Amino acid sequence: MTDKVIGRCIGETSPTMVSFISKKMPRVGEYVSLEYDGKIVLGMIESLIRGSVSITNEIYDPKTIEKIRQIEGDDHYIKGSIKILGDIELLKIPRTPPPPGTEVKIADSNVLKKIFKVEYAPLKLGNLITQEDVEVEVDINKMVTRHLAVLAMTGAGKSNTVAVLVDGLLKMNGSVLIFDMHSEYVNIKFNNGNINTLKPVLNPFYLEFYEFKRLARIPDNAYVQERYLRKAYKLAEKAMRESLVTHNDFLQVIEDQLNKWINDENFDNKDKKSVTDVANKLEYMKDRYGNILDMNASDIIDNLKLKSANVIDLGSVDEYASDVIVSHVMRKVLKKRKDYLRNEEGLKFPIFSIIEEAHILAPNNRPTESKRWISRIAREGRKFGVGLCLVSQSPKSLDSDSLSQANNMIILRLVEPTDQRHVQMASESLSDDLITQLPSLNIGEAIVLGLMTKIPTLVKIDEFKGKMAGGDLDIIGEWDIKIKNEEKRLDDLNQEYKDLGGDY
Amino acid sequence: MLESLYEKALQKKQEIKMNFNQDMDRIEINPCERWKNYPIKESNQKFIISGGDGSFNQKRFLSSILYAVDAECLVYDGQNLKKVENSEINIIPPYKYVRDILRNYMSIMEIKNSYHAYKNYNVDISLFDGSILGNIIRPSPVENELPSTIKEEINNRYRPQLERILKNEENTGLASSQFSNEIEKEFEAYKVESMIYLENLENLLVLGMFLKESKKIVSLSKTSTRTDYFNISIPDMAIFERYCKMEGYSKPIFQDVNTSVKRDFPILNKFFRDLKFTVFYCRLGDYKNVLKIELPFKASKDDIHDILIKIKSISTEGYPYLLKKAHEDVIIKMDDMVNLNKILNLVERTGRDML
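Protein chains in written order, with numbering that gives the first Met the number 0: chain S, 0 to 503; chain P, 0 to 354.
In short, the hints are calculated from the structure, not lab data. All values reported here derive from a predicted model rather than from experimental measurement. Hints should not be assumed to be uniformly reliable.
[What the hints assert, rightly or not] Straight line, CA to CA, 25 Å or less: simulated DSS-like cross-link-like pairs of lysine-lysine: (1) S/62 - P/287; (2) S/78 - P/81; (3) S/337 - P/82; (4) P/211 - P/82; (5) P/45 - S/66; (6) P/215 - S/78; (7) S/170 - S/453; (8) S/66 - P/190; (9) P/323 - S/62; (10) P/211 - S/66; (11) P/244 - S/66; (12) P/215 - S/66.
[What the hints assert, rightly or not] From the structure, some residues in chain S lie toward chain P, with a derived Cβ separation under 8 Å: (13) 63; (14) 67; (15) 71; (16) 75.
All C-beta atoms, glycine included, are put in the ideal place defined by N, C-alpha and C.
Bound conformation, chain S alone (with noise of 0.2 Å):
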């Protein structure tokens, strides 16, 4: 341990929180050491208030301010609070509190190194916000089995940390799915593995009933409704099956027997309206979604690759069919995990699934069938190998079950109380003083507590070093371009009419 003394403990003391008084001016997220009852412990600095006694509340006028500045010059006082994160060998919480007056050091680099190296499956996040020299790891494992939500308001830096974890994941040779809800991931070029573009597609023969019930939108208390395309549903399966129609003409079988009992006079009127509105459902999912569905498409899950970031664009999807294919594809790869393990038959590798604006696919207010399978894969993943990363910009508005389960988090700069307060609620890590810091974490600066930490840390992410698409578009620059190439066109205009002759 250095000596660098910054204060002594004060007042009532606990084994796992201490105030401290300093002279000197130490910075929150700091780590410190205290040394007593033969042990050396560690803790980070959680808040920090620094004030003067003379210059108090009470006083009214400025001038007085100045006088009391000019005599006492900056005689001020530092009160804060650690949380104690354990002795520096094993990081167990002691069993007793420090006595008051302990002695409050700087932590030393070299523990502190120790501390965040991972020695099995590393993934390098970034440097201490307070000791840059102090690289960060966090446990693939840990972050992979037991998810992860990446929380932060529009541009703290979450694409940067979803890019850098990516990154750090592929080094590994693992496979990412990224839901990409802004076709951010399309164009990124990672340093360590391959893109692998999946177009936003689903067969409707892969699709269980109740999906393609969804995406006809033929509501849940529609029973005669549904009735009816579940027979039609039903035959066109049984066709296909005996191998009377071909993949291309599922739709059609299901479409032909429809329009079979509408136009049969003997069938029952009172029903007849039903099929037809089933029918135009149909008619409807086929032009609104024409551009998903596809009968030659190979179920998603055999695409997946490995050492690659597969990336589904639902960039140019609604959020309707978004929430289709992003239940489909989870509740497929869970399915398909789970067969692998049971009879190594499906997906062959663990997954690590990337759900960009999950407050959309996994809302609070109000349920979709994503919401169903996150929170399933929240619950179950673990033991099937499918990992989880809810990334969202507004936290309060996410399913506070899935949040939950998402035992490690990277929360960046978040200013809105509701958000931080639905965090903190999730999360029994984040204290309070830990969240007044959010509002203040500058962009790319991060909280990262959980367990693919040792312990919770403050941490400037790495700057993600490949290609990046996205972020601000550079407005003035994009006028300008606009405005060259328009005289530029006008130009060369003017030097085909040149050409030409026509200026004789």
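Take the given structure of chain S and dock chain P to it, following the hints.
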């Protein structure tokens, strides 16, 4: 409090309000004739100024009294703030003069601190909270209790020793306490009174030493009941506070110690009797509090202006900041006494435990 007091207050509200400040409304003098509105400019010149204060408190047990005394003198040279401080904690039997004893301890510490600051930091102006004149002329509480023979003996035997200690002493604590065992044996029948007398001698000795060396000792009082200006029963300070609101000062009056005190001083009688004091009131800003200032010499108008300018330079809200800070630093509250006793762990009934 009995609820009947609320009823009494309501019943007597009109009467009390009518009498309150009634005399002030009826005065037939013009206080402003004695007041000079004077915008005091702050000084740009370099000077060193000190300001000190002291405090004491006690916690009474049935058999003893736990007391704590402290004092601090702050020195400001225009750039840095330094401090001289002193403190004492002990127990004494529950004598009837406890407050006088403690006030005397505090006074000795305050003066010694200022004297020490004056000697070591070349202080140009020494500010005191309270009245130096009052310190000088206030008789010892045991003045009439102690036989003159004993007083004489104490004076003859211990004064030279005290003077020797004070001259060489760097310590700003109580010198008299070194003789307490001796005095207890020698004057057993008057041990308490003898000790108080000796401490009073120490107080006068230190004051005398300081006043002989420096005239720039400025005493400031926030309250005063003196009635030297208008010869009516209302304190001068209250009248100036009511009628003279602007920055400035009152025309000074001069006081001879010789005419104020009938009795002789036990030591340095001629020196103290020859002292002349300048007394005036001032405001260091429009509508700020009136302060009473005493200077231990006959001050000219320029002297007064010079002192006001320097004091204002280190004042906030119309009061010297050094005195304010020293006051805040030294004040010993009852909670502090409780905390100090937690360290000492003195356990005995106070006699008020059942309340």
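Status of the hints after comparison with the structure:
no.	hint	verdict
1	S/62 - P/287	holds (14 Å)
2	S/78 - P/81	holds (24 Å)
3	S/337 - P/82	violated (77 Å)
4	P/211 - P/82	holds (23 Å)
5	P/45 - S/66	holds (15 Å)
6	P/215 - S/78	violated (41 Å)
7	S/170 - S/453	holds (22 Å)
8	S/66 - P/190	violated (49 Å)
9	P/323 - S/62	holds (16 Å)
10	P/211 - S/66	violated (33 Å)
11	P/244 - S/66	holds (23 Å)
12	P/215 - S/66	holds (23 Å)
13	63	holds (4 Å)
14	67	holds (6 Å)
15	71	holds (6 Å)
16	75	violated (14 Å)
When the structure is compared with the earlier hints, violations turn up for hints 3, 6, 8, 10, 16 and for no others.
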